[in-house]
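Student: Taken in sequence, the protein lines are chains A and B.
For the first sequence, this note's numbering begins at 4 and goes up steadily by one.
For the second sequence, this note's numbering begins at 6 and goes up steadily by one.
Incorrect hints may appear among the rest.
Calculated lysine to aspartate or glutamate pairs in the EDC-like style (CA-CA distance at most 16 Å, straight line) [stated by the list, open to error]:
#1 A:K70 with A:E48
#2 A:K45 with B:D43
#3 B:K76 with B:E35
#4 A:K101 with B:D64
#5 A:K101 with B:D43
#6 A:K5 with B:D64
#7 A:K109 with A:E8
#8 A:K109 with B:D61
#9 A:K45 with A:D86
#10 B:K70 with B:E58
Treat the hints as calculated values from the structure; they're not laboratory data.
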Amino acid sequence: QKEVEQNSGPLSVPEGAIASLNCTYSDRGSQSFFWYRQYSGKSPELIMSIYSNGDKEDGRFTAQLNKASQYVSLLIRDSQPSDSATYLCAVNVYNFNKFYFGSGTKLNVKP
Amino acid sequence: EAQVTQNPRYLITVTGKKLTVTCSQNMNHEYMSWYRQDPGLGLRQIYYSMNVEVTDKGDVPEGYKVSRKEKRNFPLILESPSPNQTSLYFCASGLAPTGPYGYTFGSGTRLTVV
């Protein structure tokens with residue numbers, strides 16, 4: 004079982020819609036959670052982090068964390084074609100100094 | 006500008022020819038790490054360093070070496086590259102390996118071993 008699981012996609016949404024990206028993790032010791040965006044051929048770029056259960060909003064992005072269900076999600080409101088990228092979920096396990104990445108979900112936003 | 010600089014961006018080499026990929030950060034970060042990224046497998050950690058002269062293996066260290074003689078630099082060495090090391094490599098740095106911080110990634114090195 005992988006430490007971090009993501010649906011590889013592609014997830015296709017029309018411009019202006021809400022894109023919902025999901026991630027599950029296996030280690031209950033995970034304490035910090037991150038979403039990175041990666042354009043094709045480019046490096047991952049940190050867009051959101053969340054540490055507590057609930058929602059965290061930053062502009063058009065909302066990260067949601069449910070530790071009981073071991074589930075993290077990222078909502079992108081008013082999706083734009085420029086949001087088309089692969090989104091990587093990452094979790095941080097403090098006890099083991101480990102940082103695990105999912106393999107990413109490819110998002111396509113159609114004009 | 007705060008950044009992680011990797012060189013080269015692209016590299017084609019032959020099996021067995023030693024190579025070094027350089028990584029340098031200007032953010033005074035304690036923690037640095039190397040990842041490889043392959044389709045369907047995501048980012049896998051090769052080696053990491055908690056501070057100068059302190060390095061440790063990640064999940065896929067075989068065939069790689071690293072050193073951390075200066076805080077800002079963390080080169081990745083392939084002593085005898087093989088075709089299965091063809092991949093996209095990223096160097097990353099952060100304030101700490103854990104905690105509420107993310108990592109800053111370099112621009113990547115696409116390595117092809119023939």
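Student: None of the hints should be skipped; say for each whether it holds.
Tutor: Status of each hint after checking the structure:
Of the pairs offered as hints, the one joining K70 (chain A) and E48 (chain A) is violated, with about 24 Å between alpha carbons and a cut-off of 16 Å exceeded. Using a Cα cut-off of 16 Å, the hinted pair K45 (chain A) and D43 (chain B) holds, with the two alpha carbons roughly 13 Å apart. Of the pairs offered as hints, the one joining K76 (chain B) and E35 (chain B) holds, with about 7 Å between alpha carbons and a cut-off of 16 Å not exceeded. Under the criterion of a C-alpha separation no larger than 16 Å, the hint pairing K101 (chain A) with D64 (chain B) is consistent with the structure, at around 10 Å.
Between K101 (chain A) and D43 (chain B) the alpha-carbon distance is near 19 Å, which puts this suggested pair outside the 16 Å criterion. Simply put, K5 (chain A) and D64 (chain B) have alpha-carbon atoms about 13 Å apart, close enough for the 16 Å limit, and the pair holds. For the hint pairing K109 (chain A) with E8 (chain A), the CA-to-CA distance comes to about 13 Å; that is within 16 Å, so the pair holds. Using a Cα cut-off of 16 Å, the hinted pair K109 (chain A) and D61 (chain B) is violated, with the two alpha carbons roughly 32 Å apart.
Proximity of K45 (chain A) to D86 (chain A) is assessed by CA-CA distance (about 14 Å); at most 16 Å being required, the pair is judged to hold. Only pairs whose Cα atoms come within 16 Å are accepted, and K70 (chain B) paired with E58 (chain B) is accepted, the gap being roughly 13 Å.
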